[in-house]
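Take a look at the letters that make up each chain.
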Amino acid sequence: MTKTHDIGDVSNDGTGTMRDNYKGYLFILPALLMLVVILGFPALAAFLQSFNLMWVAKPGFSLGAYRALVDDAEFLHSLFNTVVFVVVVVSSHLVVGLSIALLLNMDIKFKWMWRVVAILPWTMPDVIGGLVWRFMFDTLPGIVNSVLLRTHLTTEPVDWLGQPGLAFFAVILAESWRGYPYVMLILLAGLQSIPRQQYEAAELDGCSALQKFMYVTMPNLKHMFIISLVLDTVWESRLFGMVYSMTGGGPGYSSQILTLLSYKQYFQFFNVSYGAAMAVVLATVLFFISLPYLRLSMRQQI
Amino acid sequence: MFTSLAKRLTLGVGAAMVAGTIACGSGPATAQTVITYADWQLAQDIWGRSLREAFAEFEKQNPGIKINVEPVALAQRDIKFATAIRAGAGPDVFALDANPVKQYIAEGWVKDLTPFVDKEGGKKFLSDFYPRSLEPVTENGKVYGIPKNIVAMVMVYNEVMFKEAGITKVPETWDEFRVAMKKLTKATTAGGPIDQWGWTIVAAQAGFDLRSSVILRGFGADFLTPDWKKSALDTPQAKEAFKFIVDTIHEDKTMPPGVAQVDANAARRLLANKKTAVKIGTTWSLPEVSGMNPALDGWNVLKMAHIPQKKLDDKSVRSTLYQKSLFMNPNTKNPEAAWKLIKFMSDPPQMAKWFDDNLMLSARQSVNVSHKPITSSPYALTVAQEINRSAFLPLIPKWPEILETFRRNLQDAIAKSKTPDEALTNAHNQINAILARP
Amino acid sequence: MKKSNSMWVFIYGALAVMLVYNLTPFFWMVVSSFKSELEVVSYPATLLPNVFTTDAYEKIWLQEGFLLYFKNSLTVSLSTAALSSLVGIFAGYGFSRFRFKGRLAIMTAFLATQMIPGVLLVGPYFKMMTLTGLYDTLFGLILAQTSITLPFSVWMIKGYMDTVPIEIDQAAEVDGASRLQTLFLCIVPLVLPGLVATTIFAFLLSWGDLLWALCLISDPQKQTMTLGITQLVGQFRVYWSEIMAATVIASIIPACLYLVLQRYLVQGFTEAAVKE
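Protein sequences, first through last, are from chains A, B and C. Add 47 to a position in the first sequence, counting from 1, and you land on the number used in my numbering. Add 4 to a position in the second sequence, counting from 1, and you land on the number used in my numbering. Residue 107 in my numbering sits at position 120 of the third sequence; the count goes up by one each step and never skips.
Check each hint, because a few of them may be wrong.
The list that follows gives simulated cross-link-like pairs (lysine-lysine, PhoX-like), each with its CA atoms no further than 25 Å apart [what the hints assert, rightly or not]: (1) 337/B / 347/B; (2) 114/C / 337/B; (3) 307/B / 70/B; (4) 402/B / 105/A; (5) 105/A / 114/C; (6) 58/C / 70/A; (7) 70/B / 209/C; (8) 58/C / 70/B; (9) 315/B / 187/B; (10) 347/B / 187/B; (11) 278/B / 307/B; (12) 337/B / 209/C.
Think of the hints as simulated: they come from the structure by calculation, not from any bench.
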């Protein structure tokens, strides 16, 4: 679409051209109010709840919830799962996303069609994706076992979602499938903004394809890479619907992730401050992960 | 048949009344009271149809009240009810099996029905219900729910498949059972993959309690000590039962793959599609399974037998009681109308209908001894005999959590991530920890 | 940049692999939805329906109330999108055109709140809704989902408004237009494509949500599509063919919208961070 106008000169002179800057407050007021009421307040409340201070049975400052976390095998397992899940899923998104972005950036025929196909998985809401993959992995009438049996790769149906390791693997596979186009789109935008002259110059210097990739493509993609890495990490850590609908965290708690456990603690077992403490831990980690993105974004605004 | 005649009569009267109202042309603009009724059995073809018929009848008898039905999946039932009730909402009337009732009572999620019961005659009103059926819904002399059915779990099997496999005697011990299951497991087309199995347990959440507990009990073990204060899973009998489940899955392979995800409904469907020949069930299995696949001819092919045992001469508990009751939401705005509905559903005519439609025994003694179809049913007889050898699962508030702990450990053993002994010891210790918590 | 034939074979081969990988779940979803109840549970599964039937769709649409869930989802998602875009237009303009004290801090706050996981908010939010009587209302759900979409909408709209030259505002001011007039008569028409993209994206975020609906809605009459589908799973009478039919219905709108929207979305995501 349109190129970004260089609005830097406006921002730079700060107060100069605008005499009515105070009006800015009026314009942002509705959004700010909503931010405070529907985001700020619940977040603060959750924070207080985790210390047993608000909307709990017997209020009184306590670190009990956090202390209990350290000894809770289920929490530690879910935390471990979340880390593994996010690391594997995000890396696969970056690898697959970059590969397909490179493919789509070439002079291929029917470009729009390939592009449409490449984006499709991402259009599926994660809850829906979880259900579809659950049925694909279904032991008896699922397509995965059906294909394995027909091609004689196995003689017995595999119990994909009933074995702890396999179930977790299946969830990872499903989300790897669903989420990569998002990373791909960002990286593709990055690829398309690399000036052609840089490649031509590299060709004149006698660079091979690999060298061009290493010395022209990758350095130019650096920012886009950081953005997609951070955003995807945050999005995958917050994932809920996919796991909820695909395995519900089972069997046992082998495919459970933090969001699901926190939800269960809050809404199934009514351990309010315990569930809140888990969510606070997750939010804190995510905040630190997103710092590079925040810094990068804010630098553009000064 | 007297009942159907009565039904037709009431229908006729109802229709006449409706016609009358229309003829007058001045339908009284009465403010309609809407009562919401939630039941996991609504989420099911045959039960759901039967319930909807009952509500249509109720609405005819009570023109000012309209029933709104809310089906809910069994696995999601309690989290859904509890969340809504805690938020001041939820259905006005709902049904529960005995499993979570004590938790609902302890948390205040069900209304004390004693005042309503007293108005109906108190002790006299309750005297028709089996004393055992009142145990789950009574706490400190107060009544929180009105029982609808009480049955015991039995073994449901496909007689034709038994004959085809050369099984002439219905297994009475677990050893015989194991042999029979092996005979039933085979490929139906020569050279093809194995596509018929003996049986399956239910290892997913929905329906796990009733169907898996009988194996434990059939081996002479139980979850908790008789006083429900401590775990009883450290007995040799419990070990044997646990090992039996795991062995039939991994050594005998007499269950279809994917046991971990089989819930009550999946088990029914396997039986309906002749993938298995046996399931743990009860009277309801017949209409349910037959309805799923009419080609099976379930009413003629399916038979019932007692739960197998370790030793034949053992006279102890071997099966589990199922009890369904109706409850009122403490948040209801129309307690009178809600009570009318509960009373209607638990009155003898509706109990009789529930047997006619769903083969379910009543919690009212008078219905079971006087309703002809019940007294002449061989299925009712088998189940009634089994009731004498059955017990409730622990009626304590912490039971749902304990059951879930046990189930997860069994799943670990099935998935081979723990040995049966490790998993059982784990369950034993975790359950004791739950019970020790204030 | 000329490539050898074998290179092209490799490229199209890779694209073909992607095609199969991406489409298999869609294939399975659509195929299963056209199977009969009996066939969909048969083992081993058939790859194409032996008997092609639309029974599952009829059952889902007419019997299971999905028409209603579809309407609810539309109501909630449209309202969420409209609310966050309207508020976002004002805020985007405020951030783009005014230099007031605390501007950067507030903008950072908006950006940072995008990172908050929903599970942190949903518990206290549940409590807030029960206290205000908004539990189990579509309005409560709309407010909640706005918390997911608002920060994003504000940033995206601000990004689009930054692309409009400041001279336009100045010209409008010379003509005596008020700030509001400038915004709605001059700026909004110029950023309309971006605004549409933002609105659609908010719509999609809301459409795909499960967590909020799961925790804030109890009445089946008020269920959204995603919630309705998850509630179907495990219901005794429901077959996979019907669940798959429901997922097809729930996927059609997002698939179409995303495909139309993809170009604008990339800009939205990256605009904030990258300005060359």
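Indices of hints not satisfied (ascending): 3, 6 and 10
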